[in-house]
Amino acid sequence: MSAPLLSLSGVTRSFGALTAVDDVTLDVPAGARHALIGPNGAGKSTLFKLVTGALRVSAGTVALAGDDVTRLSEPQRARRGISQTLQHSSLFLSQTVEQNVLLAAQRQHRSRHSLVPRRQAAARERTRELLADVGLAERAGTPVAALSHGERRQVEVAVALACEPTLLLLDEPAAGMSPAESARLVGLLQTLPGSVTVVIVEHDLDVVFALATSVTVLHLGRVLLTGDPDEVRASTAVQQAYLGTGREALFLDDPGPSRTEVG
Amino acid sequence: MSVQSLPAETAPGAAAAPAAPRRRRPPRALTAVLAVALLAVLAAVPLVADPFSTNTVSRILVFALFAMSLDLLVGLTGLPSLGHAAWFGVGAYTAGLVSTHWTSEGLVTVLAAAVAGALAAAATGWLAVRSGGVYFLMLTLAIGELVHQLAQSLSSVTGGSNGLFGIPSIRVAGTPLTLAGYVYWFVLAVVLLGALGLWLVAASPFGAALRGIRDNEGRMRSLGYSPFRYKYLAFALAGGFAGLAGGLFAGLVRIVNPSDAGFTTSALMLLAVVLGGAGTLWGPALGAAVVVLVRDTFGPTLEGHGPLLLGLVFIVAVYVLPRGVAGLADLRRGRRRAVLPGTDEAPA
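Residue numbers (UniProt numbering), protein chains in the order written: chain A, 1 to 263; chain B, 1 to 348.
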């Protein structure tokens with residue numbers, strides 16, 4: 001195992017009396033495809049916000065590639081290579097698909113201070129590639145406000161990739177996508193180079209098990225288990241955590257009707 | 001990083017989607033012809049119009065630049081300011097003082113005005129842009145009133161409520177411009193340069209970042225932008241362009257009053273921006289033309305009911321043209337913008 005790219009130690013976040021994330025210690029090695037699963041309210045999205053810096057930790061440290069980034073602001077962490085898609089699409093609604101991706105791409109291609117639009121050739125080229133990759137090449141000139149929910153999710157992914165991240169955090173990227181769209185997403189994520197470390201929160205376990213090389217299960221803000229996908233499927237503790245929500249069939253290999261309850 | 005393109009058949013949904021209506025713009029040639037025609041008409045004004053009308057068009061041009069500078073804040077960055085006339089006033093007083101005490105060389109006075117406007121905006125902007133929404137509105141209102149009060153009370157410098165009068169006429173290369181036509185051409189040239197500058201800012205990656213902040217500041221932060229820096233720079237730039245307009249104003253009317261820096265002027269310009277269509281630059285320029293015409297030309301003939309007429313125009317405009325004059329042009333192009341769904345976005 002190489003050195004951890006993302007290292008959380010004792011990360012805790014409380015909202016008043018509620019401890020949403022409780023003493024989470026977790027190492028994600030560089031190049032990993034790490035999934036974070038758990039029932040609703042397990043603290044997955046909060047944990048992401050603590051990693052990106054959108055929320056401050058109440059206790060603990062967040063380290064990226066060996067550097068403590070706990071005190072850095074969200075933009076500072078983003079500039080160190082953390083990129084994310086959010087659970088609820090968060091885009092620039094009045095602007096076109098291309099402009100949305102360009103906003104992320106222009107930061108990477110050193111063109112953001114140029115006053116001459118032509119200098120953006122590199123960023124525009126990258127934007128075109130990404131839109132083709134996520135399947136939106138035809139929609140480049142469409143305002144995001146006019147897109148379907150699934151298409152917006154695709155724009156989210158393109159925006160996140162345009163940041164050229166070293167750590168990519170995906171919060172339910174496939175939520176609301178059609179099966180074809182979500183298959184395309186899985187294919188796209190599988191082609192990401194090993195220099196990108198991916199942490200994914202996803203309720204669609206087909207997506208999780210197609211991508212993840214390791215899985216962490218969160219329950220009530222605590223780490224229940226970290227292991228490879230087979231260990232997690234077999235774990236009785238994990239099944240217990242889900243039992244309370246009536247989703248005991250989640251971890252069975254049988255792709256029965258229960259799968260549709262997920263998400 | 002390179003991501004290979006996936007075969008298209010993996011996304012039948014995307015392939016089956018109707019071809020996107022690409023944003024339709026009027027043909028480039030038509031836009032160019034219209035621009036050249038407008039320039040020709042503007043340049044010909046002093047040749048065909050009487051001095052009074054030429055003077056009115058000059059004032060329209062100055063206020064158009066002023067309104068466009070405000071649009072950089074309101075329309076592009078999403079920061080509605082109620083104190084923007086402060087920078088206009090700072091520029092006007094600076095230009096007036098420079099030409100009274102030092103030189104009335106036109107370029108020197110307007111550049112000094114622009115620099116003063118930008119510096120004054122930068123000195124207060126770090127405080128103002130930390131807030132947003134109503135708080136930003138209130139802070140800019142307070143800053144505007146502060147500048148207005150300073151102009152009133154520093155009577156040894158600004159002439160107090162009598163105004164700063166006796167400003168010498170603009171000189172270009174040492175020759176005073178005494179004819180209204182020459183002053184007009186000077187104003188036109190500077191306004192066009194200012195408009196070009198604002199357009200470049202709006203079209204640049206920096207302008208794109210400002211629009212991103214307007215739409216979704218939280219997302220910009222997660223993309224690695226520090227919104228504060230961008231908003232601060234936009235505030236100072238807008239102050240600089242407003243100062244430039246103020247400097248032209250001082251050279252044009254040759255008297256500066258505290259009210260030129262006051263709330264009424266700020267509010268009128270905000271009205272011009274809304275009337276013309278925020279975020280388009282050319283829309284607010286048209287809005288400024290409407291405001292100046294109604295207030296200065298038709299107003300005095302209505303026995304003091306000019307503000308009433310302006311109010312009526314505004315009410316009608318908000319009902320008939322919710323996106324301003326610029327929105328009308330969008331409709332004509334058949335480019336109806338989708339209504340923004342405001343409910344499915346989580347607060348940032």
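Any given hint might turn out to be false.
[What the hints assert, rightly or not] Some chain B residues well away from chain A (every beta-carbon gap over 10 angstroms; in silico):
hint	residue
1	Ala32
2	Asn162
3	Met220
4	Leu223
5	Ser226
6	Val294
[Claimed, not checked] To give an idea of the chain B side of the interface with chain A (calculated C-beta under 8 angstroms), a few residues:
hint	residue
7	Pro205
8	Ala209
9	Arg219
10	Ser222
11	Tyr225
12	Arg254
Hint data in this document are derived by calculation from the structure and do not stem from the laboratory.
Bear in mind the structure is a predicted one, so any value in this text is a computation, not a measurement.
C-beta: ideal position from N, C-alpha, C; glycine also.
Here is how each hint holds up against the structure:
no. : hint   : verdict
1   : Ala32  : 17 angstroms, holds
2   : Asn162 : 42 angstroms, holds
3   : Met220 : 8 angstroms, violated
4   : Leu223 : 5 angstroms, violated
5   : Ser226 : 5 angstroms, violated
6   : Val294 : 30 angstroms, holds
7   : Pro205 : 4 angstroms, holds
8   : Ala209 : 7 angstroms, holds
9   : Arg219 : 5 angstroms, holds
10  : Ser222 : 6 angstroms, holds
11  : Tyr225 : 6 angstroms, holds
12  : Arg254 : 34 angstroms, violated
The structure fails to meet hints 3, 4, 5 and 12 from the earlier list, while all remaining hints are met.
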